[in-house]
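Take the sequence shown: its letter number 62 is residue 62 in my numbering, and every next letter is one higher.
Since the hints were derived computationally from the structure, they do not count as laboratory data. Don't take each hint at face value.
[Unchecked claim] Simulated restraints, written as ranges between beta carbons of each label pair:
#  : residue 1 : residue 2 : range
1  : ALA343    : SER386    : 25 to 31 Å
2  : GLU609    : ALA424    : 43 to 49 Å
3  : ALA343    : GLU410    : 19 to 25 Å
4  : GLU620    : SER386    : 44 to 50 Å
5  : SER386    : ARG621    : 22 to 28 Å
6  : ARG621    : SER534    : 53 to 59 Å
7  : ALA424    : ALA542    : 21 to 27 Å
8  : GLU230    : LEU527    : 22 to 28 Å
9  : LEU218    : ALA542    : 30 to 36 Å
10 : HIS431    : ALA453    : 47 to 53 Å
11 : LEU218    : GLU763    : 24 to 30 Å
12 : SER363    : HIS431    : 53 to 59 Å
13 : ARG655    : ALA542    : 32 to 38 Å
14 : LEU518    : GLY378    : 34 to 40 Å
Virtual Cβ for every residue (Gly too), placed ideally from N, Cα, C.
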Amino acid sequence: MTDDAGWPMLPADVALVSLDVFDTLLFRKLEDPVQLFDIVAARSIAAGVMDASLAGMAFRRLRQAAEQEARAAQQERTGGREVTLAQIYACLEAALPDPAAVARIELAVEAETSLSNPVLRDWLHHLHRRGLPVVLLSDMYHSTPTIAALLTAAGIGPDLYRRLYVSADHGCSKRDGGLFARLLADWPEISPGRIAHIGDDPMADVGAARKAGLTALLYQPSFRYAAARERERRLMPGGAYDPTRRLAALPAVTDDLAFWRDYGALILGPAVAGYCRWVVEDCRRRGIDTILCFWREGAVFAPLMRDYANRRGWPLQVETLAISRQALAPLALERLDRARARALLHSRPHLPWNHLLAEAMGSDPASLDLGDLADLAGLTLDGLLSVPDGALDRVLARFDTPAVQARAKETAASLRQRLVRYVAPMLEDRHVALVDLGARGTTAAALVAALAAAGRPVDGLRAYLCYAVSDIARHQLQGLAVSVYAGDSAMGAALGTMLYRSPQMHERVLTGLEGTTLGYSTGTDGLVEPVYDSATATGEEARAIAAARQGIARYWQLGLDMPPPMADDALLPLYAAITLPTPEEAQQLGQLRYDQNDGSGDERMICDERALDTVRPLLERQAQPLLPLALGLRPALVGWPQGAMTILDPRALSRHHDAVAVDAGHGAICRAFVESLRASGLAEVILLAVGGEGGMGPAFIQAAAQQGLAVAGYVDLMPELVAGRYFHDVPMLDLADLPGSGCLHVALATLGYRDQALTRIAEVFQESGLQPVCLPLPG
């Protein structure tokens, strides 16, 4: 449990704090620690101390094998498995011309890729001021001086802790309890229960610590982070690792809003923060001195951009600009006729025809005298098409009348005049960025056109979008200068297309707490002021949105001193959440409401009954290809088809993706296997697999965790490939232990060794009198 600052909440009587080092206090800028070996190989080859044949994965395998060999030799000599880096590289003498030189390179890369956890670093300073002593424990092959140097370089000096215990130097570990025994021996005056140990490993930092009598606190990223990263790797293998997300995922307050803070930090945070930093940097590079962020997203964007510019010491003016599709809508009606009216009703399918007429007339829909068309009030284009006797023609004829067309011109001219008077003071003698979210640039184009029509210079204006679709080219052909954050790659275009197809969730979070701009009015002092609607989100929805914005702010603060991800990588989490949502995301985000911001007054829940009814036939027919068919449904009926389908069938999209993906790993197979086991009613199994890390075991354990299947134990038919008492935090068992394990359901995650496994299981159960239930992998 942590407080609002993310600091661990300690029991009141704690007298000593013990902290794990790696993945708790120190992080690497690499997602998988073994990626460090790839960098070591590249550096070593360049330095001439390694043959080029050991590039990349080749040296990774060699380095891992050397560590296993060193630990096995140490266990044979002493009974323990803790080794030093020198012992590991001693096992590489036959494979490398200069193992010591490569070891030095590894130490240098370790230092370059290490960074501190800023939350716990600040907490250590807080504990230091309180006078509460701190010690550090690490199960690691590096020496105590090496780890101390890494800590110091990351801003955690020796003044912040009393002692550093490292397994390599003590010959024992946290996992085997030895380091905790050393700690207790050094602090005999403090009872074990008054020592709080904090770390990320459930076995070493919690199980072993509690076994030694210490108070233990698990310090792990939110489970939603692991699920999000696994999903992103499935959708886009090779997507870059963002260490800021790892930091933002670390423990925070756990309450009914935890999902929303995680959504803001882990899904929206990278896109929003990356976009805001990029806009400021691009404006600085272009000599743009003023940034105007369109309202309502500007309520989120502008403070971040202003903060970033101020931290860099750049004299940029960042403000919000009250503007919206609804406020500018009458400008598109200046040349109104029946053809234009029909086109607008088609592009705005939620808009009743009489609301469009009211926009043209500059009046309220309720005040219009519709005459013989009154019985058709409130109908959209679809509604009009469903009414017989030429209802649509009768309505469209009203837009061809001279009175309506004259009034439409007057309304547009009056709006343009007020708009220009409102905006002009912000543009005088400046180069200005017009910042919107995406995706077609229509609002910026309408504003620039209005300024040009009023004779105002527009050469210094540039539109900025987070993502865009091909329609943006139409405005560029008319002279609109546009910069797009995720716009210079085919992948960015693909991401933008999906975000444009289903923008409801992120737009609601970015706009729901502010009222849209309805128009502009002239006060008694002659000044033009925006007219705002009330905020659309209220009650629990407003609380959820506010929590998501807190998550965005958390990501922003933690990432200010970190290199930002590339645009495609920053948008990937949001794209992945839209494309392949978890059941929790579908339920929570699907309950958000969405307003069209087009004057229609239409507001609905994103995944309402209409949306569910629209996608249900696809699921019932098991239509293929499922996702393309779903995306082809009308957005007016189902804005987020992936969310609606996931609500009805939580595994529908995952099954579809597994069926069409080219997956050289075991993920798809194991997800389907676990799904079949859960469907049969099982809640717990023993897992039997072959080959340790190279077998199906890791993928099965991950799939089981995601789908709620408990794995009570792990048996490997090649036990020599698995070291230790736990495999991915699952207790290791020998085959002979199966009858006494308390679980008779054995899942066989292997194809090539299935018959051998069945034979061996039958042998060990033969004398027990128990009958196991073997669950082979289908195939």
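Results of checking the hints against the structure:
| no. | hint | verdict |
| --- | --- | --- |
| 1 | ALA343 - SER386: 25 to 31 Å | violated, 19 Å |
| 2 | GLU609 - ALA424: 43 to 49 Å | holds, 47 Å |
| 3 | ALA343 - GLU410: 19 to 25 Å | holds, 21 Å |
| 4 | GLU620 - SER386: 44 to 50 Å | violated, 25 Å |
| 5 | SER386 - ARG621: 22 to 28 Å | holds, 25 Å |
| 6 | ARG621 - SER534: 53 to 59 Å | violated, 43 Å |
| 7 | ALA424 - ALA542: 21 to 27 Å | violated, 34 Å |
| 8 | GLU230 - LEU527: 22 to 28 Å | violated, 55 Å |
| 9 | LEU218 - ALA542: 30 to 36 Å | holds, 32 Å |
| 10 | HIS431 - ALA453: 47 to 53 Å | violated, 21 Å |
| 11 | LEU218 - GLU763: 24 to 30 Å | violated, 39 Å |
| 12 | SER363 - HIS431: 53 to 59 Å | violated, 38 Å |
| 13 | ARG655 - ALA542: 32 to 38 Å | holds, 36 Å |
| 14 | LEU518 - GLY378: 34 to 40 Å | violated, 20 Å |
The structure does not agree with the numbered hints 1, 4, 6, 7, 8, 10, 11, 12 and 14 stated previously, though it agrees with the rest.
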